[in-house]
Every structure is written in C-alpha cells, then in structure tokens.
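Asks: One letter stands for each residue in the lines below.
Number of protein chains: 2
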Amino acid sequence: MTLPKKEKFVIPEGTIYLDGNSLGPLPADVPAHVATVVADQWGANLIKGWNVDKWMAQPTRVGDRIGRLIGAPEGTVVMGETLSLKVYQALSAALQMRPDRKVVLSDSGNFPTDLYMADGLIKQLDKGHELRVVAPEDVAGAIDETVAAVMITQVDYRTGRTHDMRALTEAAHEAGAVMIWDLAHSAGALPVDMEASGAEFAVGCTYKYLNGGPGAPAFIYVRPDIVNDIKPALAGWLGHEAPFAFDMDYRPGTGIERMRVGTPPVLQLSALEKALEVWDDVDMEELRAASIALSEQFIKEVEASCPDLTLASPRDPALRGSQVSFHFENGYAAMQALIARGVIGDFRAPDIMRFGFTPLYLDAGDVTQAVEILSEILRDRLWDTPEYTTRKRVT
Amino acid sequence: MTLPKKEKFVIPEGTIYLDGNSLGPLPADVPAHVATVVADQWGANLIKGWNVDKWMAQPTRVGDRIGRLIGAPEGTVVMGETLSLKVYQALSAALQMRPDRKVVLSDSGNFPTDLYMADGLIKQLDKGHELRVVAPEDVAGAIDETVAAVMITQVDYRTGRTHDMRALTEAAHEAGAVMIWDLAHSAGALPVDMEASGAEFAVGCTYKYLNGGPGAPAFIYVRPDIVNDIKPALAGWLGHEAPFAFDMDYRPGTGIERMRVGTPPVLQLSALEKALEVWDDVDMEELRAASIALSEQFIKEVEASCPDLTLASPRDPALRGSQVSFHFENGYAAMQALIARGVIGDFRAPDIMRFGFTPLYLDAGDVTQAVEILSEILRDRLWDTPEYTTRKRVT
Numbered sequence: 159m160t161l162p163k164k165e166k167f168v169i170p171e172g173t174i175y176l177d178g179n180s181l182g183p184l185p186a187d188v189p190a191h192v193a194t195v196v197a198d199q200w201g202a203n204l205i206k207g208w209n210v211d212k213w214m215a216q217p218t219r220v221g222d223r224i225g226r227l228i229g230a231p232e233g234t235v236v237m238g239e240t241l242s243l244k245v246y247q248a249l250s251a252a253l254q255m256r257p258d259r260k261v262v263l264s265d266s267g268n269f270p271t272d273l274y275m276a277d278g279l280i281k282q283l284d285k286g287h288e289l290r291v292v293a294p295e296d297v298a299g300a301i302d303e304t305v306a307a308v309m310i311t312q313v314d315y316r317t318g319r320t321h322d323m324r325a326l327t328e329a330a331h332e333a334g335a336v337m338i339w340d341l342a343h344s345a346g347a348l349p350v351d352m353e354a355s356g357a358e359f360a361v362g363c364t365y366k367y368l369n370g371g372p373g374a375p376a377f378i379y380v381r382p383d384i385v386n387d388i389k390p391a392l393a394g395w396l397g398h399e400a401p402f403a404f405d406m407d408y409r410p411g412t413g414i415e416r417m418r419v420g421t422p423p424v425l426q427l428s429a430l431e432k433a434l435e436v437w438d439d440v441d442m443e444e445l446r447a448a449s450i451a452l453s454e455q456f457i458k459e460v461e462a463s464c465p466d467l468t469l470a471s472p473r474d475p476a477l478r479g480s481q482v483s484f485h486f487e488n489g490y491a492a493m494q495a496l497i498a499r500g501v502i503g504d505f506r507a508p509d510i511m512r513f514g515f516t517p518l519y520l521d522a523g524d525v526t527q528a529v530e531i532l533s534e535i536l537r538d539r540l541w542d543t544p545e546y547t548t549r550k551r552v553t
Numbered sequence: 159m160t161l162p163k164k165e166k167f168v169i170p171e172g173t174i175y176l177d178g179n180s181l182g183p184l185p186a187d188v189p190a191h192v193a194t195v196v197a198d199q200w201g202a203n204l205i206k207g208w209n210v211d212k213w214m215a216q217p218t219r220v221g222d223r224i225g226r227l228i229g230a231p232e233g234t235v236v237m238g239e240t241l242s243l244k245v246y247q248a249l250s251a252a253l254q255m256r257p258d259r260k261v262v263l264s265d266s267g268n269f270p271t272d273l274y275m276a277d278g279l280i281k282q283l284d285k286g287h288e289l290r291v292v293a294p295e296d297v298a299g300a301i302d303e304t305v306a307a308v309m310i311t312q313v314d315y316r317t318g319r320t321h322d323m324r325a326l327t328e329a330a331h332e333a334g335a336v337m338i339w340d341l342a343h344s345a346g347a348l349p350v351d352m353e354a355s356g357a358e359f360a361v362g363c364t365y366k367y368l369n370g371g372p373g374a375p376a377f378i379y380v381r382p383d384i385v386n387d388i389k390p391a392l393a394g395w396l397g398h399e400a401p402f403a404f405d406m407d408y409r410p411g412t413g414i415e416r417m418r419v420g421t422p423p424v425l426q427l428s429a430l431e432k433a434l435e436v437w438d439d440v441d442m443e444e445l446r447a448a449s450i451a452l453s454e455q456f457i458k459e460v461e462a463s464c465p466d467l468t469l470a471s472p473r474d475p476a477l478r479g480s481q482v483s484f485h486f487e488n489g490y491a492a493m494q495a496l497i498a499r500g501v502i503g504d505f506r507a508p509d510i511m512r513f514g515f516t517p518l519y520l521d522a523g524d525v526t527q528a529v530e531i532l533s534e535i536l537r538d539r540l541w542d543t544p545e546y547t548t549r550k551r552v553t
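Protein chains in written order, with my numbering: chain E, 159 to 553; chain L, 159 to 553.
Here chain E stands alone, though its shape is the one from the complex (with noise of 0.2 Å):
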C-alpha cells in the first residue's frame, strides 16, 4: 500500500478537506454500488432482497468488516441505529453487571451525546446512580470500588487529546468496574486493540474516518466472553434467538446479535460496507505514521506563520489522535474564511479550529496549501468581514 489514495475518494476540485474527522468524504466505489443495491437489489428483487443479497446479514458482516479495524475478533462487533443508542446499550449492560454499584465515571473532553445518554438512562432507572465527570487527566485517580463503569471518549473531539486504552482500562478492572469506550475518533485513526485491551465494550460512529457517509449507522463491540450474561435493555426483534418464529416471548440471539434491535439501514450499511474496502490494504501502524507526520508538519507551519494561533492539541503526537487544533479568538470567523477559500476544517466553541489529518486522501503538499491560505488570511485579516463574523448555525 502507498498513501495518500487520493484516486479513491472524489475530493471536490481546489478542495483541501480538513474534516473527515467530522464527516469522511465520499469514497470513489460508493456511487455505483449505491445505485446497485437501489435499482438491482431493492428494485429488482424487492422483498427477496433480505435473503438473495444478504440484507439481513449486513450489521454482523459489516460488523466484522469494523472488527478488523479495531482488534476485535469475528462475531463480536454489530452496526445499528446510531453511537448515542450504542452507548445507551452498552453502559445499561454495564450497569446490570455491576448492581451495588451507583456511579459512572467520565470525564468532560467525552463528547456530549454520551454524556446526555448516560443522565437519560440514570434518570430513567432512578436507582440512585450518579454520573460523576472530572477532567480527563484525573480519570484514573478517580476511579475507586465505587465506580460501576467508566465510559470514556479516546480521543477528545475538541483538541485531539487520547486516553490510554490499555492503563485506564487496567485501572477499571483492578476496581472491579467495567469498561465502555467510544471509538468516535479512533476508529480508522488510530491503531486501537480492543481484544488487546480487555475492556469489556466499545462503540464507536462510522461517518467520520470510516467514510460511511452522513448518517451510516454506528457499531457496538462487546467482549465475547460476557455478551451472552447481558440482558438487553433495547430488546428488539432482530436481537431476538429466532426473530422470524414471532414468539410473543423474547429470548436473546446468541453473542453479538443480541445487540442488534430493529430492520437494519440497508442503504447506509451498503455505502458504509462499500466504503470500508478502502481499508482492505490499510496498515494501521503506517497509516498512524503518516497522520503523524502530516499533523506534525502543520503544526510547525501553522506556528512559524500564524502567531495568532495557539495550539489546543497536546504536543506530543503520541498523545493526539488524528487532528489538530488551535485556539484562536476570532476562530469561527477565520474558519469561515477558509472555507470559502476551499480549505476545509471545522470550528468548536469556544474559540477552536480544528482540523483532521486523514493520509487516506491528504499528502504534505496539501498541508502547506493549507497553511499559506490560512496564514494569508490571518495576515490581512481576510476573516474581518461581517460575511464571515456574522454567526450562522455551527455544524
């Protein structure tokens, strides 16, 4: 394999793309298989579809397809729904693990929804539980024989910062919780092993680094040796041992496929599965090398020529997932700027731009394109008009 494989993703014409950390663009074989499952498998075959091309298959087969990104073995990672219902999932099922247990620890660099998710469940179970959120750097000192499960986000959405899997995940089993972690940044960014790891769930989002397109479903990954112990909360039909017998009693499926809960995305898992082939060549060790140094090489440009900028990510790159950020107090008018210039990263409140390195599709020429427009426009201001200051809604 050589990276970049710019051939194959379709990278708009005097487009730098900066955020695929937030959505992965569109990967050059998806277009046509789309059509084909749209006219030739759903068109053509119709209700047959969910047996002669393997509709009903898709969530494990896809599933396993993400396995081989993250160290998961086979039969052990499913796609559904989305990483909100995925957490919701996985730390309901932590929580009947460990019963005498009241808190769930994470941390404030978790991305929200996981968050939120996690307050709606301990409301709705109304067992006394508490959500306990401390910052990131004093997680593992906070996780005591109180502690039911720690549910922690890698790599921080913000700034790029990374946990480390296999400490924190030691930690949380030397206290007797259990472990969730989500995959959102990691997946396809960075090496990560769950089987490795030990930790007992992951769950991760495939629109980002996965290219799976707007909306493609989420994935849950659970231990092999305790996912038939689990009770599911979301106990769906499609999760059922025998959906298709219609019992009025629900008995979970075996292993993973009691995590599945309604009809699967059948067009959004088609795009994703295409989109995963990519993947197929793809050492992660050397795709980390290669993020690695084009994250290295902005941050040297970016603080040679925009003084302005102060870094928001950690230094260390082994301490950062795939992106880079910076803060900078005019940052969503600046980040506009550059967007109407064709470089395109994304803005966090309050004061942050950030921007992905994904060297599927990005190589060192791209990266000092990018710096000079960025720094041109920070030089003469280019970002001080009210085009660009006035806010408008921040996706």
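As the list makes no split between identical chains, a pair holds if one copy fits it or if it spans any two.
No more than 20 Å apart at the CA atoms, straight line, and that leaves these computed lysine to aspartate or glutamate pairs for EDC-like:
| hint | residue 1 | residue 2 |
| --- | --- | --- |
| 1 | LYS281 | ASP387 |
| 2 | LYS164 | ASP187 |
| 3 | LYS166 | ASP198 |
| 4 | LYS285 | ASP258 |
| 5 | LYS281 | ASP407 |
| 6 | LYS206 | GLU545 |
| 7 | LYS260 | ASP296 |
| 8 | LYS281 | GLU399 |
| 9 | LYS389 | ASP284 |
| 10 | LYS164 | ASP198 |
I should point out that these hints are in silico values taken from the structure, not numbers from a laboratory.
Since the structure of chain E is already known, use the hints to place chain L on it.
Replies: Using the frame of chain E, we list chain L on its own:
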C-alpha cells in the same frame, strides 16, 4: 389523481407484487434522487451538506410529510432509527406520565418487537410493571384503572384485522390510561386521523406502504399538548435544545425535536423523502376504497377457485387493513411456488399466506392474474416438490 399510478414505481417485468405490506417497491424517482444526494450533496458539499442541503432538518421535514398522511399537525412527527426504538420512546414517556399505574396493556395481535421492547423496558425499570397481553377482542374490556398505557398495533400483521382507533383511544382515556398506536400497517394503507383520535402517541415504519426502502427510518408522533412535559429516556444530543452548544448538561429541545436522538440517516431519509412525493396527490379515502375493491375481488376469486384456502382475515372489509390472509396447511410451500411464478406475497407461521393490496401500483387485472396462478398451483399441487417444501429462512 387516478389510481393506480404504476408509472411511478419500478415493478420488475412479470411480477405481481403483493408484498408492499412488507417492503414497498422502488418508486421510479428514487434512484436518481439518491444518486444526487450521494454525488452532489455528500460528494460535493461534504460536511457543508448538513447546512446547505438541509440534512439537519430532514427528520422533522420528512416527519411533516408523514404527518399529512396520518392526520397529524405540522411539527408533531419526527423520524429516527427504527420502530422498535420509537415504541421504547413512546412507552417510557407514557409510563412517566402515569407513575402510579403498573400495567401495560397490549394484545396478542401486536407485532412481537413491540412486546419485546415493552418487556425489556419493564425489566430495566424494575418497578413492578406488568405487560398484560390479551386477545385482540378483549382489549377494550381489559382497560381498567390499573392500566398506565394501552399499546396496540392498529392492523394485525398476520390477518389484517383492524382495531377501532377512536373507540379504543376513548376507552383508554376514560380509564385514565395513555394510548400508544403502532401504525406499521396503517400509514399509507388507511385513512388515519391522529389528531381526531386524541391518542398521545403513535409510531410507525416507512418501508412498507410508504415505500421508503429497506431499513427506512421510523416515525413517532406525540400529541403536542404533552410533548414538552416528556423527559426523554433516550436523551441524545440531537434532541437537545442546542446540540451545537456542546453543553455538558442535557436540556430537551422544544416540541417533537426532543424525540430525536442521534445523527439522522441522511441516505435513507433522502430515499424516503423522494418516495413520499408519490403521495402528494393521493386522497386517502379514494386509496382506501380502491384497496377494498382489490381485496374484495381477491377474496371472491380465491374462494371461487381455491377451495383449500380458508380466509384468515375479517370478511368485513371495514375491519381489515390493506392485506388479506388465508390459512393453508401447505402455505409455506405454496407461497414459494407462487413467488417462483412471479406473484410475490409472503408467509407467516404457522400457516398464513399473506397478500397486500396497494392500489398505488396494482389493478384488477393484476388480482385476476395472481389468482389464476395461485389456483393452478393448488389444483395441480405444483407446490409439492422438495424445492418448495424444504423450509428456508423466512423473512
């Protein structure tokens, strides 16, 4: 409008499709629209699609389109995930509304996943709730002041038997219970008037009569006077008052927005959104009359030419949805033989041959032809070969 509008659908040559109650066929305009969304929205606009292509508003925009088909006012329907999840949201909200009552009443004609989700929720709440399942004809009589929620699928998925939405909702309300309707086999099949019914909740799927495609997302309706009191159990970030403020604390959004959970499945929603345009000039009363005409014709012709089949659906068309079922002990094999000859219905255990009549793309000639093929299969025992009698996976 004139029915059918066959030119609006892709029906493969030689196929008579009587399974729109399971998966609607491909609307003719959908492939080009999906291709546009993939290439010209995702491909060209990348992350900007959330704003410029209005993806973020899709769940309520499409919800409003469905609202028009089920008599729900603007702003009372939103799309997301699957029907199982929508059942869970509705039931957990209903149980919050009646904290002193412990019975969830449903019937044995409900689709199993509704019962499974209720069971999973009850076990998770662990507050002594009971799922009481009675025969369909006993529901009204079983509603008493212990019942927190009545959770009923209007049209039986096997027989097409309907419940009287107005009468049952009234009975529930008289006893102080909350009413939840599952419209899986109603939306797009029958005139439904949620507003007039007074029911608190309705849920439904969109891959059947609404032709949204395999895995199309589900919808939920909440009566507008109660929605702002709901504390969502699935407290996802897109149901937050200000998702892009990335606050640490969850504050539910206003109105139906709070029933959103995670990132919307843009590709599925786009297919559905285009599919719903077929309905723009459809009068539901006219559609219902055409559906009854087709099903009455089918029953009459089957009973005249297929003596081995016994009607499993109510004989009175006013008590049936848009499908007709027959008992036949060799129904599985007979359905395989029928499908092999281009007449696609489906089979539901133990002995039900199920046929859906969708006047959007079926006419009287199709019905006559389908019955001719069926009667030949039965008369000549064409089903009696190992190819058809050996049971394969049924979907």
